[in-house]
Amino acid sequence: QQPVQSPQAVILREGEDAVINCSSSKALYSVHWYRQKHGEAPVFLMILLKGGEQKGHDKISASFNEKKQQSSLYLTASQLSYSGTYFCGTEIGGTSYGKLTFGQGTILTVHP
Amino acid sequence: DAGITQSPRHKVTETGTPVTLRCHQTENHRYMYWYRQDPGHGLRLIHYSYGVKDTDKGEVSDGYSVSRSKTEDFLLTLESATSSQTSVYFCAISEAGLAIHEQFFGPGTRLTVL
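First to last, the protein sequences are chains A and B.
Each residue of the first sequence is one higher than the one before, counting from 505 in the numbering used here.
Each residue of the second sequence is one higher than the one before, counting from 239 in the numbering used here.
Please note that the accuracy of each hint is not assured.
Claimed, not checked - Derived DEER-like restraints, expressed as beta-carbon distance ranges:
(1) A:611 to B:348: 16 to 22 Å
(2) B:246 to A:583: 18 to 24 Å
(3) A:583 to B:317: 42 to 48 Å
Rather than coming from a laboratory, the hints here were simulated on the basis of the structure.
Quick reminder that beta carbons are idealized off the backbone N, C-alpha and C, glycines included.
Only chain A is shown next, with the shape it has when bound in the complex (with noise of 0.2 Å):
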């Protein structure tokens, strides 16, 4: 099932901060996010695993709640290269070859 990501789009302006959020109503192992420009393919930011351990991009932080089987990606002082369409994608069960599920994306547009 299609994890929900929310807010389907968001506006900024230079400078201003930003979350992202993704729900998941199955256990999660793992959470990927990705940042898609248009007509470009996805690109790896961050990846929670479930226990706390992850990997990612240094200027963009996130969480994973375990309990809520929900992640939130934090965008903060905004650039306009953030722009574009952030996925999340979620993984359920370690051995489960990498299979990811992704949400419908959240637009983000960054203005000068």
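Given chain A's structure and the hints, the job is docking chain B onto it.
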């Protein structure tokens, strides 16, 4: 950047014709995936491979088949293309099985079925 290429990058074909898309990697990653991306649906997994000759279905596999005869190549075939298969197709690779295993995506193939 991960070494992933997809071919062709663009294709227009007619309903009922067979189509094969190729994904090639130079990273020697074990896991490979085919996704389709459509407006409002995000990325949906079609098929994946966990090794040479080892493949399995994803959530939207009907009408698609795959083959992997070498580590570096993963082929997606539409046996008889339909207009509903018009989409952007992305290949991805991963070292899933390790604790941290992000996916790296290829540049995509835009397929139009008339």
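These are the hints, each one checked on the structure:
1. About 20 Å separates the C-beta atoms of residue 611 of chain A and residue 348 of chain B, a value consistent with the hinted range of 16 to 22 Å.
2. In this structure, residue 246 of chain B and residue 583 of chain A break the distance hint of 18 to 24 Å, their C-beta atoms being roughly 34 Å apart.
3. Between residue 583 of chain A and residue 317 of chain B the CB atoms are about 46 Å apart, so this pair conforms to the stated range of 42 to 48 Å.
When each numbered hint is compared with the structure, a violation occurs for hint 2 only.
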